[in-house]
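For reference, the chains in residue letters:
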Amino acid sequence: SQQGEEDPQALSIQEGENATMNCSYKTSINNLQWYRQNSGRGLVHLILIRSNEREKHSGRLRVTLDTSKKSSSLLITASRAADTASYFCATERGGGTSGSRLTFGEGTQLTVNP
Amino acid sequence: NAGVTQTPKFQVLKTGQSMTLQCAQDMNHNSMYWYRQDPGMGLRLIYYSASEGTTDKGEVPNGYNVSRLNKREFSLRLESAAPSQTSVYFCASISGGWFDTQYFGPGTRLTVL
Numbered sequence: 070s071q072q073g074e075e076d077p078q079a080l081s082i083q084e085g086e087n088a089t090m091n092c093s094y095k096t097s098i099n100n101l102q103w104y105r106q107n108s109g110r111g112l113v114h115l116i117l118i119r120s121n122e123r124e125k126h127s128g129r130l131r132v133t134l135d136t137s138k139k140s141s142s143l144l145i146t147a148s149r150a151a152d153t154a155s156y157f158c159a160t161e162r163g164g165g166t167s168g169s170r171l172t173f174g175e176g177t178q179l180t181v182n183p
Numbered sequence: 021n022a023g024v025t026q027t028p029k030f031q032v033l034k035t036g037q038s039m040t041l042q043c044a045q046d047m048n049h050n051s052m053y054w055y056r057q058d059p060g061m062g063l064r065l066i067y068y069s070a071s072e073g074t075t076d077k078g079e080v081p082n083g084y085n086v087s088r089l090n091k092r093e094f095s096l097r098l099e100s101a102a103p104s105q106t107s108v109y110f111c112a113s114i115s116g117g118w119f120d121t122q123y124f125g126p127g128t129r130l131t132v133l
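As you go down the protein sequences, you meet chains Z and P in turn. Residue numbers for the first sequence follow this note's numbering, so the first one is 70 and each next one is one higher. Residue numbers for the second sequence follow this note's numbering, so the first one is 21 and each next one is one higher.
Calculated directly from the structure, the hints in this document are not laboratory data. Each hint can be trusted.
Simulated pairs of lysine-lysine, DSSO-like, Cα-Cα distance not exceeding 27 Å:
id, chain 1, residue 1, chain 2, residue 2
1, P, Lys77, Z, Lys95
2, Z, Lys125, Z, Lys138
3, P, Lys77, P, Lys29
4, P, Lys77, Z, Lys139
5, Z, Lys95, Z, Lys125
6, P, Lys34, P, Lys77
With the hints as constraints, model all of the structure from the sequences given.
In structure tokens, the structure reads:
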């Protein structure tokens, strides 16, 4: 089963509005990452937050992590039509000789209307 | 740098046929991965290779085999394709640290009739 579950499954907003996506997970993690996927394309890494961090910013992106609730949120401020894509959270639990492994959620489809 | 490259981009197979998906990275990364993505779903790990010479099963390994040919190349083989293996396959690589990010290839869209 998927480690990460995302909410909502789909989100439609107007350009300029903020978009918030949530991710919950089940087991302890080393870090949590957010990726973006444009239709028919590969995934592109957006931001990584470590398990000992609570909040991180990158441009118009803000990620929070609450390890006590095993949840994370991704906020995209001042959205643009070009932000239309699927967004996935991924939790990283590996390490040592077994290497890093990511487990992905099912994603949130964001549509930003002009 | 080409990053992570995958071949082919598209493939149609008949049930029972075999094929190999190729992946190569030019970033000198230690670890490489194969995922599949079914419509409307996230990625599921098929196999991964933490370092050259090692491979391990992921979440959905049945029906697949892998070969870490060298540090650059990691191939995925379907010995006897089934319709349930219709999916988009992504290869990824990472330097190897716990706080590195994975770099993804553009994907191979496979249809098994």
